[in-house]
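Following the hints, complete the assembly by docking chain P onto the known chain A.
Number of protein chains: 2
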Amino acid sequence: MRLDRRTLCGLALTLLTAAAAAQGLGDLGLIVERNSGAVLVVDTDPPAVLARIEGLGDLSHATAVFSPDMRHAFVFARDGGLSKLDLLERRLVKRIVQAGNSIGGAISEDGRLLAVANYEPGGVNLFTTDTLEAVGEIPAVDGQGRRSKVVGLEDAPGNRFVYSLFEAGEIRLLDAATRPPRVVGRHPAGRQPYDGLVTPDGRYYLAGLFGEDGVDVLDLWNPEKGLRRVLPEYGRGERRLPVYKMPHLEGWAEAGGRLFLPGVGRHELFVVDRRDFSVVARVPLHGQPVFAVAQPDGRRVWVNFAPPHNDTVQVVDAESLETIATLKPGKGVLHMEFTPRGGRVWLSVRDENRVRIYDTQRLEAVGELPAREPSGIFFTARAHRIGL
Amino acid sequence: MRLDRRTLCGLALTLLTAAAAAQGLGDLGLIVERNSGAVLVVDTDPPAVLARIEGLGDLSHATAVFSPDMRHAFVFARDGGLSKLDLLERRLVKRIVQAGNSIGGAISEDGRLLAVANYEPGGVNLFTTDTLEAVGEIPAVDGQGRRSKVVGLEDAPGNRFVYSLFEAGEIRLLDAATRPPRVVGRHPAGRQPYDGLVTPDGRYYLAGLFGEDGVDVLDLWNPEKGLRRVLPEYGRGERRLPVYKMPHLEGWAEAGGRLFLPGVGRHELFVVDRRDFSVVARVPLHGQPVFAVAQPDGRRVWVNFAPPHNDTVQVVDAESLETIATLKPGKGVLHMEFTPRGGRVWLSVRDENRVRIYDTQRLEAVGELPAREPSGIFFTARAHRIGL
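Chains as they are written, first to last, in our numbering: chain A, 164 to 551; chain P, 164 to 551.
Chain A on its own, in the form it takes in the complex (with noise of 0.2 Å):
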């Protein structure tokens, strides 16, 4: 039997593409180059850059979402781009631009859907994961005909999504499980909800308002009960500092039964009782706190800054609730990331062009990764959290 050499190496390279491709996929993760249009696919012990795929699109605030297999990553861009990469092959597979602007999105229980939040026209967009292919168009319309933008959209348990009307101060519950997907829950909110997050454990959806104090609780368990106003103290801050960026929601915290919430335009910390969502204390901070993210074992809650003070991270006990540990990874902390069991934090350094590795134990830096820029780090292991 005969063979030229172009067949032959053409099959030494399938070869070679088939063996990178067979990988663990549990340790693996995406780093997103904001200003690049680019994510880096990384392996986290021990840490390397596998490869870079481009052609993402406008990426700031961008998030990623994985299949329950962790073979895909979905990437939501600003620019109302949504891309499917394969972190086996590490390559693109897909983009298509699904509105004009967006703010995230969400992949359903059984991971067969996407549902993307988006400003511009607003509403809600589903798609399948298999192809991208479009499956419905949600609006976003008040009773007087007027179109919202959405925010704060989050995957819950049962095949739902739950997000936030913006300018009519609505929060809906979306079932998935039917065909087609339909509102089953609409519960008028406080004034301009501007971002959502569901517990840990996808019991109950808190709405962050920006237009009047407060946040508004939907549990899930019982959606019919409507919403309930709770931590009245919750953005009174912001009348008296001006607000450098409003916290993420997301970076909500939840350890050993109380959440730990950035304060609004304090330098301030809240620890809130998770089971009557009232303030139990307040442990002040180095600036003010954008994201406040939980250890995965709840030991400590890790904080960074807005400007000016986003050189900064503080480690706060959650047990004695002090500061144990202020640590300087450097210019532009953007983005706080833990491998799942608990040992590495990734820290993303926008201006030094790098993301830093630090050990939870020690609080010391163990390692580093050149990035253009990064925000966004997303492990694998988020594939199988409810309310990401």
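Worth flagging that the hints you see were computed from the coordinates, not collected in a lab. A virtual CB, placed ideally from N, CA and C, is assigned to each residue, including glycine. There may be inaccurate statements among the hints.
Claimed, not checked - Pair by pair, the computed Cβ-Cβ distance ranges are:
# : chain 1 : residue 1 : chain 2 : residue 2 : range
1 : A       : Glu485    : P       : Val347    : 22 to 28 Å
2 : A       : Glu296    : P       : Glu300    : 53 to 59 Å
3 : A       : Lys388    : P       : Thr341    : 51 to 57 Å
4 : A       : Pro209    : P       : Glu300    : 27 to 33 Å
5 : P       : Glu375    : A       : Arg253    : 55 to 61 Å
6 : A       : Glu482    : P       : Arg392    : 17 to 23 Å
7 : P       : Ile487    : A       : Lys388    : 14 to 20 Å
Stated by the list, open to error - Sample of chain A residues lacking proximity to chain P, with all beta carbon distances greater than 10 Å (derived):
#  : residue
8  : Arg309
9  : His472
10 : Asn516
11 : Ala528
Unchecked claim - Below, a sample of chain A positions facing chain P; criterion: calculated Cβ distance under 10 Å:
#  : residue
12 : Gln186
13 : Ala340
14 : Trp384
Leaving out everything else, chain P in the frame of chain A:
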């Protein structure tokens, strides 16, 4: 260039193997066939048996853990066997017999070490995950020089392991971050601790006692404070009813700030406040519970039973504490495993040689797979959990 038929066939086979090996890992799992010395490698979506791996020894009571990248599984057999499997190549990589009789093990936070709890000759053996090379034998000997069986061995944050000495009545903490690993805590416990668990947040180690009532608790954040005895009611029932099977503590569920414990020798589920370990309620059950497992969203607790009620599974609402379903999956329901975000639960039905799959919303069987006397079911999502 000339290639003979055999070389070409070899090439083609390598290509096929590599292609099969390139697949997602986040939705895979193992089913233990307890009397066949075999495990099935399964895909959960759609449900399918991918491979059957034989020659693993006595798999009654066998458990499995996964490497952080999810590529490898480690199976702890009852006969002291320790096997390393490759889930991509679907084969046994290596098997050693590390002791005469063992009762499970755990993998360190960093994924580097396995710790195996031994009955005979007692003690904890440590192995590298890489090659299964022995790197330590930690004796379990009390002040009088007597050996103890080691039970309830769990991983804890910070590359530690925690375990109990049955005869000595002691709980020990092993630091596996140092080389060599060393015992850093020895705590006198109640009589005959028989199993243990670490709460899902990694904070507390709880040991059930065979020789007296109550549960010993070690606060892993503050181990220097020693043990605390809680739940004096727990275990008393065993004098009233014959105990058909001691419940499995690893199955203790946590949901909404409460722990759900299978009553020993009672037809009851204990509901315990997570903060002070007081009993807040008891839920009457169909029989003597073995496992009580919370859905990942914490909304319901699923319970299976000792003979003669082991054809039944009951589902208890974690909020109302009402039993909302009594299911009859078949004879010999031994184990329950949820898909990571909770949409499905897989039940091994030993006496019917099948695994049945239920939709957790509709509480209906939606599929099944054949398996020879299946017992434990372990999904790869366990790679990222603390205290398994």
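Now the hints, each set against the structure:
1. Taking 22 to 28 Å as the suggested C-beta distance range, the pair Glu485/A and Val347/P conforms, at roughly 24 Å.
2. Taken as a hint, the range 53 to 59 Å holds for the pair Glu296/A and Glu300/P, whose Cβ atoms sit roughly 58 Å apart.
3. Checking the proposed 51 to 57 Å range against Lys388/A and Thr341/P shows it holds: the Cβ atoms sit about 52 Å from each other.
4. Against the hinted window of 27 to 33 Å, the Cβ-Cβ separation of Pro209/A and Glu300/P comes to about 28 Å, which satisfies the hint.
5. Between Glu375/P and Arg253/A the Cβ separation comes to about 57 Å, which falls inside the hinted range of 55 to 61 Å.
6. At roughly 21 Å, the beta carbons of Glu482/A and Arg392/P sit within the given window of 17 to 23 Å.
7. Distance hint check for Ile487/P and Lys388/A: the Cβ-Cβ separation is about 19 Å, which falls inside the suggested range of 14 to 20 Å.
8. Remark: the non-interface label on Arg309/A is consistent with the geometry, its nearest Cβ contact in chain P lying 34 Å away (cut-off 10 Å).
9. At the 10 Å boundary, the C-beta of His472/A stays outside the reach of chain P, the nearest C-beta of that chain being 29 Å off.
10. Every C-beta of chain P lies more than 10 Å from that of Asn516/A, the closest at about 27 Å, which supports listing it as non-interface.
11. Consistency note on Ala528/A: stated as away from chain P, and its beta-carbon is indeed over 10 Å from all of that chain's, at 17 Å minimum.
12. Interface hint at Gln186/A: satisfied, since its Cβ lies 7 Å from the closest Cβ of chain P, which is below the 10 Å cut-off.
13. Satisfaction of the interface hint for Ala340/A is found here, the shortest Cβ-Cβ separation to chain P being roughly 8 Å, below the 10 Å cut-off.
14. At its closest, the beta carbon of Trp384/A sits 6 Å from a beta carbon of chain P; the interface hint therefore holds under the 10 Å criterion.
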